[in-house]
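Chain by chain, the residues run as shown.
Number of protein chains: 2
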Amino acid sequence: MRGVVLHAAGDVRVEEREDPTIVEPTDAIIRIAATCICGSDLWPYRGIEQVHDAVMGHEYVGVVEEIGAEVRTVQRGDFVVGSFWASDNTCEICEAGYQSFCVHRVLMGTIGTQATKARIPLADGTLVATPGQPDADQIPSLMAASDVLGTGWFAAVAAEVGPGKTVAVVGDGAVGLLGVLAAKQLGAERIIVSSRHADRQALAREFGATEIVEERGDGFVAKVKQLTGGLGAHSTIEAVGTQEAMDQAIAATRPGGHLGFVGVSHDLRITGDTLFLCGVSIHGGPAPVRRFLPELIRLIWDRRIDPGRVFDLTLPLEQAAEGYRAMDERRAVKVLLTV
Amino acid sequence: MRGVVLHAAGDVRVEEREDPTIVEPTDAIIRIAATCICGSDLWPYRGIEQVHDAVMGHEYVGVVEEIGAEVRTVQRGDFVVGSFWASDNTCEICEAGYQSFCVHRVLMGTIGTQATKARIPLADGTLVATPGQPDADQIPSLMAASDVLGTGWFAAVAAEVGPGKTVAVVGDGAVGLLGVLAAKQLGAERIIVSSRHADRQALAREFGATEIVEERGDGFVAKVKQLTGGLGAHSTIEAVGTQEAMDQAIAATRPGGHLGFVGVSHDLRITGDTLFLCGVSIHGGPAPVRRFLPELIRLIWDRRIDPGRVFDLTLPLEQAAEGYRAMDERRAVKVLLTV
Numbered sequence: 003m004r005g006v007v008l009h010a011a012g013d014v015r016v017e018e019r020e021d022p023t024i025v026e027p028t029d030a031i032i033r034i035a036a037t038c039i040c041g042s043d044l045w046p047y048r049g050i051e052q053v054h055d056a057v058m059g060h061e062y063v064g065v066v067e068e069i070g071a072e073v074r075t076v077q078r079g080d081f082v083v084g085s086f087w088a089s090d091n092t093c094e095i096c097e098a099g100y101q102s103f104c105v106h107r108v109l110m111g112t113i114g115t116q117a118t119k120a121r122i123p124l125a126d127g128t129l130v131a132t133p134g135q136p137d138a139d140q141i142p143s144l145m146a147a148s149d150v151l152g153t154g155w156f157a158a159v160a161a162e163v164g165p166g167k168t169v170a171v172v173g174d175g176a177v178g179l180l181g182v183l184a185a186k187q188l189g190a191e192r193i194i195v196s197s198r199h200a201d202r203q204a205l206a207r208e209f210g211a212t213e214i215v216e217e218r219g220d221g222f223v224a225k226v227k228q229l230t231g232g233l234g235a236h237s238t239i240e241a242v243g244t245q246e247a248m249d250q251a252i253a254a255t256r257p258g259g260h261l262g263f264v265g266v267s268h269d270l271r272i273t274g275d276t277l278f279l280c281g282v283s284i285h286g287g288p289a290p291v292r293r294f295l296p297e298l299i300r301l302i303w304d305r306r307i308d309p310g311r312v313f314d315l316t317l318p319l320e321q322a323a324e325g326y327r328a329m330d331e332r333r334a335v336k337v338l339l340t341v
Numbered sequence: 003m004r005g006v007v008l009h010a011a012g013d014v015r016v017e018e019r020e021d022p023t024i025v026e027p028t029d030a031i032i033r034i035a036a037t038c039i040c041g042s043d044l045w046p047y048r049g050i051e052q053v054h055d056a057v058m059g060h061e062y063v064g065v066v067e068e069i070g071a072e073v074r075t076v077q078r079g080d081f082v083v084g085s086f087w088a089s090d091n092t093c094e095i096c097e098a099g100y101q102s103f104c105v106h107r108v109l110m111g112t113i114g115t116q117a118t119k120a121r122i123p124l125a126d127g128t129l130v131a132t133p134g135q136p137d138a139d140q141i142p143s144l145m146a147a148s149d150v151l152g153t154g155w156f157a158a159v160a161a162e163v164g165p166g167k168t169v170a171v172v173g174d175g176a177v178g179l180l181g182v183l184a185a186k187q188l189g190a191e192r193i194i195v196s197s198r199h200a201d202r203q204a205l206a207r208e209f210g211a212t213e214i215v216e217e218r219g220d221g222f223v224a225k226v227k228q229l230t231g232g233l234g235a236h237s238t239i240e241a242v243g244t245q246e247a248m249d250q251a252i253a254a255t256r257p258g259g260h261l262g263f264v265g266v267s268h269d270l271r272i273t274g275d276t277l278f279l280c281g282v283s284i285h286g287g288p289a290p291v292r293r294f295l296p297e298l299i300r301l302i303w304d305r306r307i308d309p310g311r312v313f314d315l316t317l318p319l320e321q322a323a324e325g326y327r328a329m330d331e332r333r334a335v336k337v338l339l340t341v
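Chains as they are written, first to last, in my numbering: chain A, 3 to 341; chain B, 3 to 341.
So that you can see chain A by itself, here it is in the shape it has in the complex (with noise of 0.2 angstroms):
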């Protein structure tokens, strides 16, 4: 088959790599329909995470080849959505929602979803079946389920956006834009997105933004205090990772809030001042994605979301190593890899 292998730092090919097979009677073989090229693959690629001749992608749909002997829940010809942490989705870790966090749970990245074919583990906690093939045109949205749609509902879903609630978003990547669109779903009344993009801007307000802030920093957190009566908001989105993002994020959040954080971090703290101080619930992480696929994909198959809007380049997987560096110079917001 085909796959991504980052060789070093900005030196990515799609070579030939072994067919995946069976190896846990939990697996299943799935053909690829697309995948995707994540915010978090930049790390690497910029050299800041050290990596040599990795695999790469954990983002995937596509339809089940072949299944182990023991899985239950899916079968051949089934068009699946799957979550970058593979998951048994029956531990009392899943069970409570956090399936990335699963005592089985398998990073994806280190399978390497950027190819034709994919093994994956645990395949009956980890895959969602759709309701029957989806139409070409539905496809960027359920691979957007993959990931950055789950990744943004969740960072909504930890935030406690719910109806009536005022909601800060920081960054206006693919997955702050889909906590946008997350935010909407959930009922919140107003959503103030931080965004200097204009295209982003727009797709922002497509998607729900009732409220465009070009300031960053503690212009941000100013006019977010200035729309609440000086309170600050509910619910507060962090979707970048830096250190300048959580402590804008946590300044804008009324005491009382919550702030729902996915940005991976990279060498930022809080400190046990602000800590104490700012009276806000944190949570965050590696988003359960699988928790809310089942939703996600039933609004997607009902055509009432349109979260796909976030691919702003689509090529073909054989030009993998342009749509890396067309994010890397950030002339594309998320770039959908077709099979």
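A few of these clues could be false.
Unchecked claim - Computed cross-link-like contacts, EDC-like style, restricted to lysine to aspartate or glutamate with a CA-CA straight-line distance of at most 16 angstroms:
| # | chain 1 | residue 1 | chain 2 | residue 2 |
| --- | --- | --- | --- | --- |
| 1 | A | K167 | B | E97 |
| 2 | A | K227 | A | D249 |
| 3 | B | K167 | A | E94 |
| 4 | A | K227 | A | E217 |
| 5 | A | K167 | B | E94 |
To be verified - Derived Cβ-Cβ restraints for the label pairs, each shown as a range:
| # | chain 1 | residue 1 | chain 2 | residue 2 | range |
| --- | --- | --- | --- | --- | --- |
| 6 | B | H268 | A | A10 | 41 to 49 angstroms |
| 7 | B | R218 | A | E297 | 37 to 45 angstroms |
| 8 | B | G49 | A | T273 | 17 to 25 angstroms |
| 9 | B | D55 | A | R207 | 54 to 62 angstroms |
| 10 | A | A204 | B | D269 | 41 to 49 angstroms |
| 11 | A | T273 | B | W303 | 39 to 47 angstroms |
| 12 | B | E94 | A | G99 | 26 to 34 angstroms |
| 13 | B | R198 | A | T92 | 34 to 42 angstroms |
| 14 | B | D220 | A | H106 | 20 to 28 angstroms |
| 15 | B | W45 | A | D269 | 28 to 36 angstroms |
To be verified - Rough simulated footprint, nothing fancy, chain A against chain B, three-plus residues with beta-carbon under 8 angstroms:
| # | stretch |
| --- | --- |
| 16 | 228-234 |
| 17 | 252-258 |
| 18 | 271-280 |
FYI, nobody ran anything at the bench for these hints, they're computed from the structure. Bear in mind the structure is a predicted one, so any value in this text is a computation, not a measurement. Glycine residues also receive a C-beta, built at the ideal position from the N, C-alpha and C atoms.
Could you slot chain B onto chain A? The hints should help.
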């Protein structure tokens, strides 16, 4: 009137201070029946927080002597309990249950309730009257409600303690011990407490602890994991405020679990990696004790809880200096000062 003044680190004196008077029409003056020394009073006492000639104390129960023209909910002669933050109890933040962040809040430590009398700002919002005059033996428990009980209770609520849950408690000071009592009242199935002191262990068991762990740090975490099938506690209460305690509390909590922290944070931090990878909801800070006062007073009044047991040394106000010494030298967990 008489009142405590901390002239410099280690130099506690009880002196003549000017009688309080009504300043705002929303004020009340109370004659203090009992006050106490807080673990947080030891920070300036030890010179870790700089202080000169500061009035001390923020915990109090007593009898209303005088009310301002706008005070409606308490009257002369009422026995009242208040929290360490005066709050209006009507602003949007108070209505959400975060009176410790009231937009008009006043820190009672700046007024200094280790005294025979005190001015209570925002009396309608701050003070809760008991159903009648308490028996003498109920005063320590009502006193505890003013801070340590309310703080331990908030920690348990922030940690989402509830029926069927396993709770870990880091810290066997008055707040940690009352966190145990709160967890028991809130229906916890199992309460694991970190303590090395026989007297505190005994009180923890009396309040509802089911397991005592003498190991700290990794040893404590390993023991909690061992008791929870390797997963960690559902709910953890952090009642110390040091880096070691916070790290221990996070590590002892399962992904998807909740950490309620109320130890006043000094020189600690949570790194982005820890935050991102733990999967724990983190909430705490200065407790909105006022939220819980009506319920706590009712439980004490009905003699269903006896939080006053945490006071293991009672002294007259005039001997406050000895009280500070006893707490500083760990000869006492918590000192009650009678007036």
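Is the gap between the beta carbons of B:G49 and A:T273 within 17 to 25 angstroms?
Hint holds: Cβ distance 21 angstroms, inside 17 to 25 angstroms.
Taking the Cβ atom of B:D55 and the Cβ atom of A:R207, is their distance within the range 54 to 62 angstroms?
Distance hint for B:D55, A:R207 holds at roughly 57 angstroms.
Does A:K167 pair with B:E94 here, judged by a C-alpha cut-off of 16 angstroms?
Roughly 13 angstroms between the alpha carbons, so the hint for A:K167 and B:E94 holds.
CB of A:T273 to CB of B:W303, is that within 39 to 47 angstroms?
holds (40 angstroms)
CB of B:R218 to CB of A:E297, is that within 37 to 45 angstroms?
holds (43 angstroms)
Status of the given 41 to 49 angstroms range, CB of A:A10 versus CB of B:H268
Given range 41 to 49 angstroms: holds, Cβ gap about 44 angstroms.
If you look at each residue in the stretch 228-234 of chain B, do at least three have a Cβ nearer than 8 angstroms to any Cβ of chain A?
holds (count 3)
Stated coverage of the stretch 271-280 of chain B by chain A [criterion: 3+ residues, CB within 8 angstroms]
holds (count 9)
Hint consistency between A:K167 and B:E97 [alpha-carbon to alpha-carbon, up to 16 angstroms]:
holds (15 angstroms)
Would you say the stretch 252-258 of chain B counts as covered by chain A, given the rule of at least 3 residues with C-beta under 8 angstroms?
holds (count 3)
Please verify whether A:K227 and A:D249 have alpha carbons no more than 16 angstroms apart.
Given that 16 angstroms is the threshold and the Cα spacing comes to 15 angstroms, the pair holds.
Status of the given 28 to 36 angstroms range, CB of A:D269 versus CB of B:W45
holds (30 angstroms)
The structure is consistent with each of the numbered hints, conforming to all of them.
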